[in-house]
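Enquirer: As you go down the protein sequences, you meet chains A, B and C in turn. Counting from 7, one number per residue, gives the positions in the first sequence under the numbering used here. Counting from 73, one number per residue, gives the positions in the second sequence under the numbering used here. Counting from 2, one number per residue, gives the positions in the third sequence under the numbering used here.
The hints are simulated quantities; they were obtained by calculation from the structure and are not laboratory data. All values reported here derive from a predicted model rather than from experimental measurement. Any given hint might turn out to be false.
In silico lysine-lysine, BS3-like type, Cα no more than 27 Å apart, as pairs [stated by the list, open to error]: (1) LYS461/B x LYS353/B; (2) LYS111/B x LYS67/C; (3) LYS402/B x LYS455/C.
Restraint ranges, calculated between C-beta atoms of paired labels, are given here [as the list claims (entries may be wrong)]: (4) LYS84/B x GLN68/C: 36 to 42 Å; (5) HIS209/A x GLU120/B: 54 to 60 Å; (6) GLY246/A x ALA415/B: 29 to 35 Å; (7) GLU54/C x GLN78/B: 29 to 35 Å; (8) SER116/B x THR16/A: 51 to 57 Å; (9) ASN459/C x GLY227/A: 37 to 43 Å; (10) GLN66/C x GLN441/B: 42 to 48 Å.
We put the CB at the ideal spot given by N, CA and C, even for glycine.
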Amino acid sequence: MLEIKNLHATVNGKEILKGIDLTINDGEIHAIMGTNGAGKSTLSNVIVGNPVYEVTDGSITFNGKNLLEMKTEERAHAGIFMSFQTPIEIPGVSMTNFMRAAVNARREALGLEPLKSTEFLKIMREKRKLVEIDQKLMNRSVNEGFSGGEKKRNEIFQMAMLEPSFCILDETDSGLDVDALRIVAEGFNKLRKPDTSAMVITHYQRLLDYIKPDVVHVLIGGKIVKTGGPDLALKIENEGFDWIKAEIGE
Amino acid sequence: MKSEQQYIELYKEVSTLIKQKSCKVMNDVRDEAFAMFEKVGFPSRKVERYKYTDVDANFAPNYGVSFSPLTLTPSPYIFKMSEAPVDINEYYAKVADLSDGITALNTTLAHDGIFIHVPKNTRVEDPIQIDNWLRGNVATMMNRRILVVLEQGAEATIIINDHAEEKQRFLSTQVIEIVAKDNSRLDMYEIEETTNLCSRFSNVYIKEGRDCSVKHNSITLFNGQTRNLCDVYMQGENSEVTLNGCAIGDGNQRIDNNTLIDHKVPNCVSNELYKYVLDGKSVGAFAGKILVEKDAQKTSSQETNANLCASTDAHMYTQPMLEIYADDVKCAHGSTVGVMDEAALFYMRQRGVREDEARMLLKNAFMGQVIDQIRLQPLRDRLFVKIEKRFRGELDKCEDCRLCK
Amino acid sequence: MSEQNEFVRSVAEKKYEFGFTTDVQTEIIEKGLNEDVIRTISAKKGEPEWLLEFRLEAYRYWLTQKQPTWGHLKLPEIDYQAISYYADPTAKSADGEKKELDPELVKTFDKLGIPLEERLALSGMAVDAVMDSVSVKTTFKEKLAEKNIIFCSISEAVREYPDLVKQYLGSVVPYRDNYFAALNSAVFSDGSFVYIPKETRCPMELSTYFRINAINTGQFERTLIVCEEGSYVSYLEGCTAPMRDENQLHAAIVEIVVMDNAEVKYSTVQNWYPGDENGNGGVLNLVTKRGHLRGVNSKLSWTQVETGSAITWKYPSCILSGDNSQAEFYSVAVTNNHQVADTGTKMIHIGKNTRSTIISKGISAGKSENSYRGLVKVGSKADGARNYSSCDSLLLGSECGAHTFPYMDIHNNTATVEHEATTSKINEDQLLYCNQRGISTEEAVGLIVNGYAKEVINKLPMEFAVEAQKLLSVSLEGTVG
Chain A
7 MLEIKNLHAT
17 VNGKEILKGI
27 DLTINDGEIH
37 AIMGTNGAGK
47 STLSNVIVGN
57 PVYEVTDGSI
67 TFNGKNLLEM
77 KTEERAHAGI
87 FMSFQTPIEI
97 PGVSMTNFMR
107 AAVNARREAL
117 GLEPLKSTEF
127 LKIMREKRKL
137 VEIDQKLMNR
147 SVNEGFSGGE
157 KKRNEIFQMA
167 MLEPSFCILD
177 ETDSGLDVDA
187 LRIVAEGFNK
197 LRKPDTSAMV
207 ITHYQRLLDY
217 IKPDVVHVLI
227 GGKIVKTGGP
237 DLALKIENEG
247 FDWIKAEIGE
Chain B
73 MKSEQQYIEL
83 YKEVSTLIKQ
93 KSCKVMNDVR
103 DEAFAMFEKV
113 GFPSRKVERY
123 KYTDVDANFA
133 PNYGVSFSPL
143 TLTPSPYIFK
153 MSEAPVDINE
163 YYAKVADLSD
173 GITALNTTLA
183 HDGIFIHVPK
193 NTRVEDPIQI
203 DNWLRGNVAT
213 MMNRRILVVL
223 EQGAEATIII
233 NDHAEEKQRF
243 LSTQVIEIVA
253 KDNSRLDMYE
263 IEETTNLCSR
273 FSNVYIKEGR
283 DCSVKHNSIT
293 LFNGQTRNLC
303 DVYMQGENSE
313 VTLNGCAIGD
323 GNQRIDNNTL
333 IDHKVPNCVS
343 NELYKYVLDG
353 KSVGAFAGKI
363 LVEKDAQKTS
373 SQETNANLCA
383 STDAHMYTQP
393 MLEIYADDVK
403 CAHGSTVGVM
413 DEAALFYMRQ
423 RGVREDEARM
433 LLKNAFMGQV
443 IDQIRLQPLR
453 DRLFVKIEKR
463 FRGELDKCED
473 CRLCK
Chain C
2 MSEQNEFVRS
12 VAEKKYEFGF
22 TTDVQTEIIE
32 KGLNEDVIRT
42 ISAKKGEPEW
52 LLEFRLEAYR
62 YWLTQKQPTW
72 GHLKLPEIDY
82 QAISYYADPT
92 AKSADGEKKE
102 LDPELVKTFD
112 KLGIPLEERL
122 ALSGMAVDAV
132 MDSVSVKTTF
142 KEKLAEKNII
152 FCSISEAVRE
162 YPDLVKQYLG
172 SVVPYRDNYF
182 AALNSAVFSD
192 GSFVYIPKET
202 RCPMELSTYF
212 RINAINTGQF
222 ERTLIVCEEG
232 SYVSYLEGCT
242 APMRDENQLH
252 AAIVEIVVMD
262 NAEVKYSTVQ
272 NWYPGDENGN
282 GGVLNLVTKR
292 GHLRGVNSKL
302 SWTQVETGSA
312 ITWKYPSCIL
322 SGDNSQAEFY
332 SVAVTNNHQV
342 ADTGTKMIHI
352 GKNTRSTIIS
362 KGISAGKSEN
372 SYRGLVKVGS
382 KADGARNYSS
392 CDSLLLGSEC
402 GAHTFPYMDI
412 HNNTATVEHE
422 ATTSKINEDQ
432 LLYCNQRGIS
442 TEEAVGLIVN
452 GYAKEVINKL
462 PMEFAVEAQK
472 LLSVSLEGTV
482 G
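Start from the sequences, fold in the hints, and give me the full structure.
Expert: Printed below as a string of structure tokens:
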């Protein structure tokens, strides 16, 4: 599904990613763990095409397509969804209008007719129930005045609406209490189809208790320095990153 | 020759004709206004309040001056100036500032006008709507005059729509005088949807008594060159005034709003919110002065001007001013010229919304803050639709205008 | 900070404290202004021909101009023929020898707390003291010379470094800039010249102290600061004048040139005589100050505390030409009695990614008028320019005025410009709180105003900050209660 080769990226002229190689197959969940500033968020932003980041070398292909040649929204239409670490507030743009614009843009890209208002609202209602998000939030502007938990739940709701094939959960667990974390993670699991892949970025094991990874990568200093199974995450939870740093001689 | 000369000569030629067509109350001040116009002429850009608009250039072309009679749908509240049911001598040309060249010219040339009168303690349920259609076989100048008197305890909503025929040049001057007596309420909306070939000079003067509430909204959806002046004199305590405006410009459009809120007495509240979205090579200007006079203690005033420049060639001039002579006041103003929130754009694009669509949504949201404040629900809904269409470039300028159908 | 620092004086008296005159032998030329006067000034200073020409051109231009009327103030009719344009307190005695510094003069500057004698200068500041028109003495010159830093009077600079002066004089503020700039260019008498060579950090604060002493003289000083690539200087300017019943005219020009990666901090504490309680006398402070940020990554910061002068008319400005250059304007303006201040700044963004910050605090009391007037202009090539402006006004009393006149001309769609302003009276709850704790209202006002102005005061070098705080309190004495 996703194949990253020798990826180098900079932000404001500073190199953050220094050669990432990563392959995620259909249906796999990969966890990316690492210290602060290791480049985890840069990696996810580069995949979705945040214009702030500049790719200086390497390639990303997504289902055979060269992702780096696609605009942010084209990548979204291709099925990539990112749950943002801190979802932005957009005053004055209602959730409903926003979602309608997003859903119909995707349908247009797929050669489908735009949804009729009634159909659209029906889908909104269904998905809303699925992720247990309050109707009153839908009447507000995007993320405006939402609590931290509500914002994260709203991300999962949008994922439900857009039905992506590849999800990036960028520190979805940050700022969430255990109950909220459970609801968000369960929402994700409910929405997930057998061939949905995901990249889960986290500092902690606790999210991985709910979303079980197939592969765990450790990202330090802009490189993936270690890859292992789910037990690697547990070991990091107990022992931190120092032993890995020692291994790679840092 | 400066361009005022042709108007001076015109008046000298046709003054008898105008006076014949007009009525006593208007004729009584006409020569005085003409003398003033001869004296002050058109304001140059050196005049502080006109620094962003080249008046002379707008009045320089040759226009035929329209003296055609007004047609009014019968209404218990709307009259021709000549048929006013009450004595309007004490109001007409008394609220307006004749020393302003545009007002002086309008007072000189206006041959008829509209008088809106809401009697004491009368609440007019339906909005009073005035549609101005600019049309003519030749380039035409119109001089529109409106007087609004709200007696004590009166309440009304007034909507003034401006439309213009395509492919013809129009120059309009407008003077609106509003007298809001004690305990009255006025909601007023001026909506301009004209064409690139129109020049508009509008001066609105509002006098407010005590315990009043006046809201004036100036919405420029489509225009050529627009200059709106709005002066509010707060003369009675415990009153409030709101001046709101939004302007959308592209191409070579110019929109210049200039306001003054004069707090003469204590305990009044004023609010002002103007927003501009400028694209193409359009030019926007906003200058708003809040004047708090010496005795106007406990004044509360908030003025905001926010602007989005959406293209490299758009220009915005903004000048929010506070002039304060009383110490127990709370006054603030803010002004921003900014770019679109890149993080919000990125968020929307990640969800698959096309960039142009995302920009459109943000522009709509930006204007929404002004439109949201409109109390009249159907108008609010209609404006939301129109603004969105305007940003999509789909606004059929004449969609409501019977001229082109 | 050393307690012995003479500069930091306790401000105990309640009246204008610096209002004494000094009895020194001063040479004043005849009142009046014409080409001959200008030739006389130029000749007395032994100036080269080009400078005389510069003066005469400026004078001829000035003759064609009218006194500006656009500020929120009323300038009195100034009789330019009733002013003497040159006063030299270091005049030669009859035998023609230039004397050692007149001891009276040294005492004057001692009273002001200016460490004219280097042994007194514990504050580590180099001082150029300008009394009336002539630069009296520049301290610490040798020490600065070790680093090839030039700090001297502009007259001396004309003699010693004519090429440098010729290159930069009038390059930032051309004489055609405005009426008073033309006047100054015609008759400027003295002022400071600072030149910081490449990659040099000036090791001490440089300071000029201005004082108008003689009767019926105008002061037209001219300051020129050039900071070469990668250099840094912090410059302080202080001003006082004796109490006189007539208005005294002060029309100065400050020009600053900042090259690549260089940084200049310019601080002013202006305490010219403000006139008496009835508005008689006082200095007319009509000043053009401007910095040109020519180089990339250059920085210029203006900090001013304005408490004196009958009329203040000044707009220290920045032209941000160099890409990524940064400019700041921090101002506190206090007006009391009949003082009028119309002050602010201009930030002209020309280079890419230029940034400017404006923080202005106005405090009006008595029957005074205090206006902020500022322009933020973003040119069409200034991609990514940013400005943040915040202008607050505080009113103490019901007979004063506080006004804000910002202008923003934006010609670039990638610019972000924000302006906010508030006007309010002193917070009565804060006053009550202080009173309850036993602090008198007057003292409380001083405290609160200082707190209000803190953001700006904190930008001043320590020595000046202390003086500024005291000045603020003194300027406002008797305004409440």
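Enquirer: All hints are to be evaluated individually against the structure, with a verdict given for each.
Expert: Outcome of the hint check:
A hinted pair counts as satisfied when its Cα atoms are at most 27 Å apart, and LYS461/B with LYS353/B qualifies at roughly 20 Å. For the suggested pair LYS111/B and LYS67/C, the alpha carbons sit about 23 Å apart, so the restraint of at most 27 Å is met. Between the alpha carbons of LYS402/B and LYS455/C the distance comes to roughly 21 Å, so the proposed pair stays at or under 27 Å and holds. Range check, LYS84/B to GLN68/C: Cβ separation about 39 Å, and the 36 to 42 Å hint holds.
A hinted range of 54 to 60 Å holds for the C-beta pair HIS209/A and GLU120/B, which are about 59 Å apart. At about 32 Å, the beta-carbon gap between GLY246/A and ALA415/B stays in the expected band of 29 to 35 Å. Between GLU54/C and GLN78/B the beta carbon distance is about 48 Å. The supplied range of 29 to 35 Å is therefore violated. A hinted range of 51 to 57 Å for the beta carbons of SER116/B and THR16/A is consistent with their spacing of about 53 Å.
A beta carbon spacing of about 39 Å between ASN459/C and GLY227/A agrees with the range 37 to 43 Å that was offered as a hint. For the pair GLN66/C and GLN441/B, the supplied restraint of 42 to 48 Å holds, since their beta-carbon distance comes to about 46 Å.
The structure is inconsistent with hint 7 alone, although it conforms to all the rest.
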